[in-house]
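Number of protein chains: 2
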Amino acid sequence: MSSDPLVIFTPSGKRGNFPVGTPILTAARQLGVDLDSVCGGRGICSKCQITPSYGEFPKHGVTVSEDALSDWNAVEQRYDDKRGLTKGRRLGCQATVQGDVVIDVPAESQVHKQVVRKRAEVRDITLNSTVQLAYVEVEEPDMHKPSGDLERLITALKASTGFAEIEIDTHLLRPLQPILRKGGWKVTAALHQDHKAQTPRIIALWPGYFEGPLYGLAVDLGSTTIAGHLCNLATGEVVASSGLMNPQIRFGEDLMSRVSYAMMNKGGDLEMTEAVREGLNQLVIDIAKDAEVDPAHILDAVFVMNPVMHHLFLGIDPFELGQAPFALATSDALSLAASELGLTIAPGTRAYLLPCIAGHVGADAAGVALSEAPDKSEDLALVVDVGTNAEILLGDKNGVLACSSPTGPAFEGAQISAGQRAAPGAIERVEIDPATKEPRFRVIGCELWSDEEGFATAVADTGITGICGSGIIEVIAEMRIAGIVDASGLIGSAEQTGSARCFLDGRTNSYTLWEGDADQKPITVTNGDIRAIQMAKAALYSGARLLMDKRGVTEVDRVVLAGAFGAHISAKHAMVLGMIPDCPLEKVTSAGNAAGTGARIALLNKDARNSIETLVRKIEKIETAVEPRFQEHFVNASALPNSADPFPILREVVTLPEVSFNTGGGEGASGGRRRRRRG
Amino acid sequence: MSSDPLVIFTPSGKRGNFPVGTPILTAARQLGVDLDSVCGGRGICSKCQITPSYGEFPKHGVTVSEDALSDWNAVEQRYDDKRGLTKGRRLGCQATVQGDVVIDVPAESQVHKQVVRKRAEVRDITLNSTVQLAYVEVEEPDMHKPSGDLERLITALKASTGFAEIEIDTHLLRPLQPILRKGGWKVTAALHQDHKAQTPRIIALWPGYFEGPLYGLAVDLGSTTIAGHLCNLATGEVVASSGLMNPQIRFGEDLMSRVSYAMMNKGGDLEMTEAVREGLNQLVIDIAKDAEVDPAHILDAVFVMNPVMHHLFLGIDPFELGQAPFALATSDALSLAASELGLTIAPGTRAYLLPCIAGHVGADAAGVALSEAPDKSEDLALVVDVGTNAEILLGDKNGVLACSSPTGPAFEGAQISAGQRAAPGAIERVEIDPATKEPRFRVIGCELWSDEEGFATAVADTGITGICGSGIIEVIAEMRIAGIVDASGLIGSAEQTGSARCFLDGRTNSYTLWEGDADQKPITVTNGDIRAIQMAKAALYSGARLLMDKRGVTEVDRVVLAGAFGAHISAKHAMVLGMIPDCPLEKVTSAGNAAGTGARIALLNKDARNSIETLVRKIEKIETAVEPRFQEHFVNASALPNSADPFPILREVVTLPEVSFNTGGGEGASGGRRRRRRG
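Residue numbers (UniProt numbering), protein chains in the order written: chain Y, 1 to 679; chain W, 1 to 679.
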């Protein structure tokens with residue numbers, strides 16, 4: 001048995017015997033305890049703060065005396081005088097073992113600390129950045145032992161970090177000598193080591209001691225919007241978020257029109273590549289300014305996007321994605337120098353692109369999978385990222401399936417007669433009285449319902465301008481509950497419904513949601529609007545249903561709605577329409593921008609990059625275009641909610657009148673031609 | 001004992017038993033026999049040609065029957081019809097083992113064949129390029145098994161080459177899909193794997209089967225001249241050589257004036273970086289055109305250069321090289337993408353820079369070390385690369401020392417009153433009759449001696465314009481042998497020498513080498529010229545002498561003169577001047593542009609890159625500037641040949657008159673101030 005003092009670390013519980021005089025940092029490193037240090041034990045960085053505990057510890061079987069650590073020393077005193085050391089704390093590199101001791105490593109001193117995520121059902125993020133800082137003192141040049149300044153820097157960094165090999169970015173060869181001399185042969189290097197543990201590289205260098213923090217950018221590169229989060233890589237904190245319109249919009253609103261633009265215009269794809277890269281460079285400028293962060297301190301970046309954006313961002317013509325077999329140029333994750341992507345941020349910045357799952361299921365879906373982790377779910381989860389193309393994941397810890405389904409832009413208010421983007425003035429919530437068939441509604445930008453006092457005054461500024469995506473879901477679902485629309489999607493006439501709000505509008509009926517006023521036209525829901533939503537939701541549902549077939553189930557335990565649209569949608573109304581499978585309403589949750597969250601996770605924790613790459617390889621991919629049952633599911637799903645699936649759970653909470661307005665000559669949606677739209 | 005047939009390969013002698021039906025290529029691969037194949041055994045590339053031998057082989061203990069191999073097949077027939085197969089040859093991938101057989105692998109079918117070097121004393125080069133071609137058939141995309149085209153290409157390449165991991169250059173992501181489709185899913189990839197065996201990378205891609213050859217560029221980036229050799233990487237053959245003036249000359253003739261330019265002009269170093277890179281890009285264009293080679297097929301490049309050129313080429317300010325302690329920014333070898341060096345050759349091209357030995361001993365000296373291999377020498381070799389700065393290596397297989405010595409530009413004809421660069425009209429050879437003191441000489445561009453009939457007519461075009469570097473060595477040495485110059489370097493007067501060619505020229509005497517004519521001034525050798533040469537040769541000799549001290553020897557077994565100047569110098573005359581240590585004259589050899597040869601070796605054989613990196617780390621570096629004995633050696637070496645070292649071997653073949661022209665008031669060179677000139 002060793003007679004050396006016993007050192008016990010909490011919360012890890014790691015323990016070992018160390019000779020008297022061993023610094024706590026040294027003991028921690030030897031035991032593999034997660035204790036931070038940038039300066040390698042020189043008493044400069046103060047990252048290795050620890051809290052010794054004294055007294056009796058029956059649990060650990062030790063008694064810690066007051067003199068278990070060395071006395072407070074001059075380095076600690078100097079640090080305390082300059083910066084202030086929290087009471088009870090010591091610097092792990094200065095305090096040495098004198099007797100048995102229990103050492104608590106506070107969260108701030110852990111490299112791999114946890115970032116708490118707000119939603120209860122998701123896991124916290126463990127910090128594990130690809131970038132670390134290391135402060136070193138470099139041997140000065142000596143004519144008698146000639147070696148390059150770089151070689152001596154690398155020698156010092158190897159000793160400090162324990163890495164066996166270290167490389168340097170070529171762009172640093174030029175500033176290397178001035179930085180070393182400005183720092184008096186003391187420098188701080190940012191080392192990047194990717195998740196595949198390749199040789200670490202020096203990607204940035206500062207004279208003297210540079211405390212950080214360093215930042216990383218998580219980007220959701222959407223067809224419409226580019227959204228970025230700037231994160232502190234040491235704390236995980238989001239210090240700024242910024243978004244801008246994707247400048248590619250000038251080449252086409254949706255993805256297929258951009259693919260067409262590239263096909264019709266020689267070099268068109270490169271124009272779009274340049275546009276999106278310019279947009280990203282602008283985003284970096286904006287977000288750095290917003291957060292008052294030096295762009296030179298942004299040294300990592302993670303990107304998620306759909307396959308077309310993925311290819312255009314990489315400078316690859318998306319031509320092949322516009323036609324079967326929808327072949328991706330590359331599907332695996334990519335680790336590149338940001339400069340290779342034309343990004344003009346700090347020259348050492350790295351860019352990581354999550355893998356694409358399939359030709360229609362992109363890195364954005366991989367981001368959703370990383371954030372929502374269906375592969376770690378105990379119950380069977382259906383995760384739907386609703387956009388103009390819906391990406392659908394179904395799975396639990398036994399396996400995950402994925403597909404994409406061409407919902408088209410109806411859910412975003414396009415193809416709807418009174419549709420509009422979610423903006424002030426747009427109707428977003430609707431209720432219809434089943435007895436009177438009279439509606440009431442709320443518009444974005446106003447807390448009042450339309451039948452409440454002061455509503456007219458409150459909306460005077462914005463007006464009532466149209467119906468946004470979530471509003472159209474609600475109004476049609478409410479029409480279905482109120483018996484204004486039948487299961488086939490037909491709106492009844494005034495006579496059939498007993499409501500003057502129903503009127504003949506061409507060959508079919510429409511419903512007046514708002515009568516209009518002196519300034520604005522009435523807002524109606526046409527049978528065409530219902531047809532458009534039927535198409536979109538049938539596509540979504542039949543994609544989900546196909547995955548359920550493959551999995552051999554007829555129901556799911558829970559549904560996660562991802563994407564901005566998912567955040568606003570009412571679970572009940574979505575289910576009345578049969579957008580999502582039958583399921584207890586409280587089991588339908590919203591994940592917000594899960595793709596962006598996935599990017600943030602991959603940014604903060606490089607192990608998550610290995611996880612998602614492994615998961616994506618294991619996901620079973622279903623191509624809906626070639627699945628024979630897709631068409632059958634689609635036809636069934638055209639009904640409201642469905643002509644084949646009974647939706648028993650829904651029917652326990654909502655009564656759906658058994659009306660039928662088909663007069664024989666009408667045009668039900670169930671025979672509507674199937675569109676194939678991607679984008 | 002196996003009953004399978006025995007297959008014996010020559011010249012390797014490798015042997016093994018293989019089941020009937022095994023292709024010879026497969027047998028070769030399993031035994032590690034060096035048999036080339038680009039197409040992986042598809043009968044397309046014909047690189048795996050072998051010659052079976054039939055009959056009795058008592059040496060191997062086998063009898064090979066006529067049916068030891070399978071019959072000539074359709075693939076071989078097709079190849080023979082199209083291209084013609086040498087009689088007796090078979091395709092190793094088609095011919096299968098049927099019985100015991102002896103297989104000769106001809107040199108053309110070996111990847112690692114030898115390139116024979118002309119000089120007897122040096123080793124041949126074993127071919128082992130960083131770049132290899134691989135032809136593969138790629139699985140087509142399948143909607144049911146979505147994966148990127150790249151991932152399927154890599155899968156095929158892994159199977160064909162046996163590499164566990166393969167990466168791709170980012171620039172190929174864009175052309176990847178069109179190339180795969182143009183080739184009908186058959187492509188040829190160029191894979192680069194450096195000498196450190198890092199993950200191989202696809203650096204170029206061609207649709208269908210691309211036969212090669214691929215080329216590489218070996219560049220000696222001199223202060224004055226940039227010289228390049230374009231080599232076929234599969235045969236080692238130099239297909240074209242080209243040289244151009246270093247465009248940096250406009251910023252300063254010698255290196256120190258360029259360092260000064262960078263110090264005096266903000267951004268001056270970057271101007272020079274741009275100039276040299278432009279020069280290199282021009283060289284590539286010239287040499288590719290000259291050889292009628294597609295620049296896209298030049299995929300490797302190796303560079304040697306002195307430290308100042310090294311830094312300027314890399315875009316590093318050479319400021320630190322201009323002052324003690326002469327710190328290199330980086331000394332180790334560098335493997336980079338050529339594009340990182342601003343080179344606009346094929347985007348996948350790799351660039352390898354040999355390591356620098358010390359602040360004054362550059363990658364060019366490393367090239368000399370690689371070419372001349374003093375570390376492998378049985379006897380003690382002194383290798384001198386003579387330029388404006390002499391790099392000196394001394395060693396044998398027990399160890400190598402290196403230093404640099406500031407000879408200045410006198411050996412190149414600068415600082416000499418009648419000096420000029422080696423060009424037509426320059427005096428290059430001189431003889432002086434010791435009795436009459438009358439000279440005769442030859443000029444560049446004319447085979448006749450000046451006392452031969454027809455000389456005047458022959459040189460009428462060029463004239464007699466001056467003395468080049470080797471000419472000045474000869475004339476001074478001849479003057480010393482003829483008793484016109486004494487050991488201290490003083491020219492005697494007409495009275496002292498008995499020759500009217502000696503005349504008082506200011507405070508010292510000069511010697512008339514040529515009287516001039518109507519068109520041209522006389523050509524004389526002044527005492528100042530002799531002083532300049534004394535300085536230069538003393539620097540060179542004392543550097544060598546210092547290494548000999550360190551090694552504890554007073555003589556060397558042989559001397560190798562590298563560099564263009566070394567190729568023209570007369571060993572006897574150099575030794576009379578005491579430029580090089582005493583040694584049998586036949587042991588003084590010229591290595592030509594050994595630095596450039598070293599670049600070519602590193603280009604053709606990646607193992608040589610490991611060798612030189614290892615050697616450079618082991619070389620003992622001596623900084624002459626801080627060696628106390630350098631001054632003493634320098635003073636001794638100022639005499640002709642030397643005031644301390646006796647040169648007994650030289651004196652056996654040459655008589656040096658014991659004359660002295662010091663009249664007491666003269667200024668001997670031995671007290672001349674020591675200059676420190678670098679460049």
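Take these hints with a grain of salt, some might be off.
If several chains are the same, the list does not tell them apart, and a pair holds so long as it fits within one copy or across any two.
[Claimed, not checked] List time: in silico DMTMM-like cross-link candidates among lysine to aspartate or glutamate, alpha-carbon distance up to 25 Å:
#1 196 / 167
#2 621 / 139
#3 196 / 165
#4 196 / 340
#5 196 / 169
#6 587 / 121
#7 397 / 34
#8 158 / 620
#9 158 / 194
#10 521 / 290
#11 186 / 294
#12 618 / 165
#13 376 / 452
#14 113 / 137
#15 82 / 645
#16 158 / 56
#17 145 / 627
#18 186 / 332
#19 113 / 515
Calculated directly from the structure, the hints in this document are not laboratory data.
These numbers come from a predicted model, not from an experiment.
Status of each hint after checking the structure:
1. 196 / 167: Close inside one copy (15 Å) and across copies (13 Å); limit 25 Å.
2. 621 / 139: Between. Shortest inter-copy distance 18 Å satisfies the 25 Å Cα cut-off; intra-copy 55 Å does not.
3. 196 / 165: both (15 Å within a copy, 12 Å between copies)
4. 196 / 340: both (19 Å within a copy, 24 Å between copies)
5. 196 / 169: both (18 Å within a copy, 18 Å between copies)
6. 587 / 121: within (11 Å within a copy, 84 Å between copies)
7. 397 / 34: For residue 397 and residue 34, the Cα distance exceeds 25 Å both inside one copy (29 Å) and across copies (49 Å).
8. 158 / 620: between (43 Å within a copy, 24 Å between copies)
9. 158 / 194: both (17 Å within a copy, 23 Å between copies)
10. 521 / 290: Answer is neither; intra-copy 40 Å and inter-copy 76 Å both fail.
11. 186 / 294: within (22 Å within a copy, 48 Å between copies)
12. 618 / 165: between (33 Å within a copy, 19 Å between copies)
13. 376 / 452: Neither: 46 Å inside a copy, 98 Å across copies.
14. 113 / 137: Intra 28 Å, inter 48 Å, cutoff 25 Å: neither.
15. 82 / 645: So residue 82 and residue 645 fail the 25 Å test inside a copy (70 Å) and across (66 Å) alike.
16. 158 / 56: Result: close neither inside a copy nor across copies, 40 Å intra and 61 Å inter.
17. 145 / 627: Close across copies (13 Å), not inside one copy (70 Å); limit 25 Å.
18. 186 / 332: between (40 Å within a copy, 21 Å between copies)
19. 113 / 515: neither (57 Å within a copy, 89 Å between copies)
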